[in-house]
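Sequence order for the protein chains is A and B. Counting from 20, one number per residue, gives the positions in the first sequence under the working numbering. Counting from 8, one number per residue, gives the positions in the second sequence under the working numbering.
Source of the hints: derived by calculation from the structure; they are not laboratory data. Keep in mind that this is a model prediction, so the values were computed, not measured. Glycine included, each C-beta is placed from N, C-alpha and C at the ideal position. There could be a bad hint or two in this list.
What the hints assert, rightly or not - Simulated pairs of lysine to aspartate or glutamate, EDC-like, Cα-Cα distance not exceeding 16 Å:
no., chain 1, residue 1, chain 2, residue 2
1, A, K522, A, D211
2, A, K510, B, E87
3, A, K510, A, D442
4, A, K219, B, D54
5, A, K149, B, E87
6, A, K510, B, D54
7, A, K366, A, E336
8, A, K563, A, D367
What the hints assert, rightly or not - Pair by pair, the computed Cβ-Cβ distance ranges are:
no., chain 1, residue 1, chain 2, residue 2, range
9, B, G75, A, D221, 56 to 62 Å
10, A, E242, B, G28, 50 to 56 Å
11, B, G75, A, S285, 36 to 42 Å
12, A, V485, B, G75, 30 to 36 Å
13, B, G75, A, S294, 50 to 56 Å
14, A, V554, B, G75, 50 to 56 Å
15, A, G162, B, G75, 42 to 48 Å
16, B, G28, A, S285, 31 to 37 Å
17, A, G723, B, G75, 38 to 44 Å
18, A, A550, B, G75, 47 to 53 Å
19, B, G75, A, E246, 44 to 50 Å
Stated by the list, open to error - Which bits of chain B does chain A cover? Going by a derived footprint, with three or more residues having C-beta under 8 Å, they are:
no., segment
20, 28 to 37
21, 47 to 56
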Amino acid sequence: MPLWLSHNSTPGARPVNQHSTPAPATPAPPGTPASSSGQPQQAVRLSSPSDHTARRSELRLALLGNPNTGKTTLFNRLTGLRAKTSNFPGTTLEAHTGLIELPASTADATSKPQPAALIDLPGIYSLELKQLESDVCRSVLAGQSAPEGQPIEAPHAAIIVLDALNLSRNLILAGELLRRRLPTVVALNMIDLARKQQVKIDLEVLSRAVGCPVVPISARTGEGIPELLQQVRQVLDSGRVPSTTPPGDEAGLRQWADSTFAIAASGGSHQPGSSRTDAMDRVLTHPFMGPLVFAVVMAGLFSVIFALAEHPMGWIETLFAWMGSGVDQLWVLFGAEPTGILHDFLKDGIVAGVGSTVVFLPQIVLLFFLISLLEDTGYLARAALVIDRVLRPFGLPGHAFVPLLSSHACAIPGLVATRTIPDMRERLATILVAPFMSCSARIPVYVLLIGLLFPGKPLQGAIAFVGCYVLGILAGIFSALLARQTLLRGKARPMLLELPSYKMPSLRTAGLTAFNRAWMFLKKAGTAILAISIVLWWLGAFPKAGDAPQAATIRQQAQALVATDAAQAALLEEQASAVQGRYEKSQSFLGMLGRTAQPIFAPLGYDWQLSIGVLASFAAREVFVSTMSIVVAGAEEGDDEAQNQRIRENLATATRDDGTTRVFNPATNWSLLVFYVLAMQCLPTLVVTARESGKKRYALLQFGWMSFLAYVGALAAFWIASAALG
Amino acid sequence: MAVTAPTAHSKDATHATAIAGVRVLSLLAMRAGAWGIVHSIEAGPSDAATLRAMGLAPGVRVRVCRVGSPTIIALVCPPEAPCKCAGTRLGLARELADQIVIEPIDHWPVA
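So that you can see chain A by itself, here it is in the shape it has in the complex (with noise of 0.2 Å):
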């Protein structure tokens, strides 16, 4: 059911253009006429082994049908892992584009399996409205448009999914694609529930009727996806093209799909009432149970995150520690000091970069498994229009929850499901608010600064955590509402949607689902988050300083102690490497710039580290904490627990550079906090918000309008702070 995280297939491991061993062309049974087609062309490209071209480029089918016909279902069955997702070129709708590999012909003995790549079309209602959807899928059907990287021209065949307990409506949408003139075969799916509901189609008077071949299927089971296979291939061999043609205008299409529905079904209990359906929609809309449920079974999707996403957690983090320590170990291999700048550009540049990243992929993984999850059970329908009744108000449709749900796991995923968002104008705004949700990067920040703030205060700290959240959120909705009131003015398309049928999720469906988001999100973390974290760490690496003057004296003192007193020693040794540390830091060109841009932070409490910490989060948020742990305590959290309840009790008690005030006293926290729930501190999201809205000054205004938001908020909350602390 596209609804929401509409299709469930991203990439794979074999890009459908790059398919290394492509399949001969099979000889087109004798007699193939290659004019007899609508499309001459393909005809004899599949019926001339000896073309090259016909080697090269495949095949290529449409998957076209209703929303909630199982056509999803059915794609991810014919493709499984093997789906790669790209664009509809000038849209922001999804394209996934499958391989699929078609049987050897039955009807002709010489025929072998050959390739195929299938484009699941968005799920439409019809093809003649006038929406982004349908006229999608025109202009692919048409020849005029085709998902990035497949050639535009028009698919070789079709595919149309027909749900078999809906067939009157779905007829329609099936009238419209047989007037294309493609070769064209019916999955009649749901066959399995036809069954047990006692509907009765006439298999052989619907084929008559649709002119072309009728397969019935089961997308959920997998009954009849060979047959449906084979037939494609055979109308593929053959070119034939559907021999009836549908009346052109609605009143004409809708009456022969009455017409055929009357002569090829019957059957089928009469339910005037489905009680127990009812009952459920009115408690899940209801104006105070709706919510209500709403509530309940968000914080249990997000327990449940959090919880199971821990181990995982720590799992990769050892993972990345363990690949830095084997760059230690390849240097030490060499003979060589573990220092240096290749050194160092591997482990702190590229491994601990990436690895800061990677670290929420099993938070990621887990929030796409259960949405799907709800999705599937049809909870997430009703969800929307709940949540439209809260959210229209400011301007968006019940559609822009998911996006921002998942946007508090992390936002990129987050604006990637704004696509399912049909009005081109609630889409943006949704974009545009969407990082103001405490997305996953801010929860070291949080509990940075709350362990500061109430040291040894639970309830407090859990009060405040809630509270950035809260800060987040209605800072987005009413951003949300600015926007759609100047910027992206105009008249909202009324929440419409089918309300699927309540049903019992597939662990399949779900299960692809997150493995298909985690490749993208992996992917991204080795391209643009490996990218950025180069630089920030040329940018804090660079240029080098040499040894600090403080640290050579501290080294001397150690040096004379090593005899006596080695305990102390090897105390002071420490020590001077945290002076070190803290020089490098400061006379990187990242500590140039946090110099150069104290004055603008000083009105919000901060001092130069500070600065410098808030300037290194600029690239990627979750750096504040090894920043100020490196700037300020000198040193990096480790695997050594005593040490890091050491560095943590520096950064309580650091002192700036007058000797006397506390780097962290409560008015600066508070600003910090604030500061860290507004800001657009996030690269990787800047990048994906200018490819989702297609223009980059929408970019550039999430950033400047969330840092204008950050600084004015934490200005405001420094001053409350002050005056209310004295």
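For chain A, the structure is supplied; the task is to place chain B on it using the hints.
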């Protein structure tokens, strides 16, 4: 045909309007659990086309599950074709529901 929509904003719309001798109501003026036949759709052309494509066309029988924001209706199959539209349920915004004109039916014809 040009029809004055059987008045907007539900709560005042307790009175049925007669169009060409047929007693009709806005969907918003219906009671939950009531039955009706879609008489006409007064929404803008694009919303109306979407509604028709989703199966909500004049002549279609509906059961009202919930009225207000949101309004939920189930399409009901005619007795002679009990599997015609099995279980299609639509959730609509209040303003859209107000633009759907329904002819209430008191007795559900039994097949």
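Here is how each hint holds up against the structure:
| no. | hint | result |
| --- | --- | --- |
| 1 | A/K522 <-> A/D211 | holds, 15 Å |
| 2 | A/K510 <-> B/E87 | violated, 41 Å |
| 3 | A/K510 <-> A/D442 | holds, 10 Å |
| 4 | A/K219 <-> B/D54 | violated, 33 Å |
| 5 | A/K149 <-> B/E87 | violated, 34 Å |
| 6 | A/K510 <-> B/D54 | holds, 13 Å |
| 7 | A/K366 <-> A/E336 | holds, 14 Å |
| 8 | A/K563 <-> A/D367 | holds, 15 Å |
| 9 | B/G75 <-> A/D221: 56 to 62 Å | violated, 42 Å |
| 10 | A/E242 <-> B/G28: 50 to 56 Å | holds, 51 Å |
| 11 | B/G75 <-> A/S285: 36 to 42 Å | holds, 37 Å |
| 12 | A/V485 <-> B/G75: 30 to 36 Å | holds, 31 Å |
| 13 | B/G75 <-> A/S294: 50 to 56 Å | violated, 19 Å |
| 14 | A/V554 <-> B/G75: 50 to 56 Å | holds, 54 Å |
| 15 | A/G162 <-> B/G75: 42 to 48 Å | holds, 46 Å |
| 16 | B/G28 <-> A/S285: 31 to 37 Å | holds, 35 Å |
| 17 | A/G723 <-> B/G75: 38 to 44 Å | holds, 40 Å |
| 18 | A/A550 <-> B/G75: 47 to 53 Å | holds, 51 Å |
| 19 | B/G75 <-> A/E246: 44 to 50 Å | holds, 47 Å |
| 20 | 28 to 37 | violated (count 0) |
| 21 | 47 to 56 | holds (count 3) |
Of the numbered hints given earlier, the model fails hints 2, 4, 5, 9, 13, 20; all others are met.
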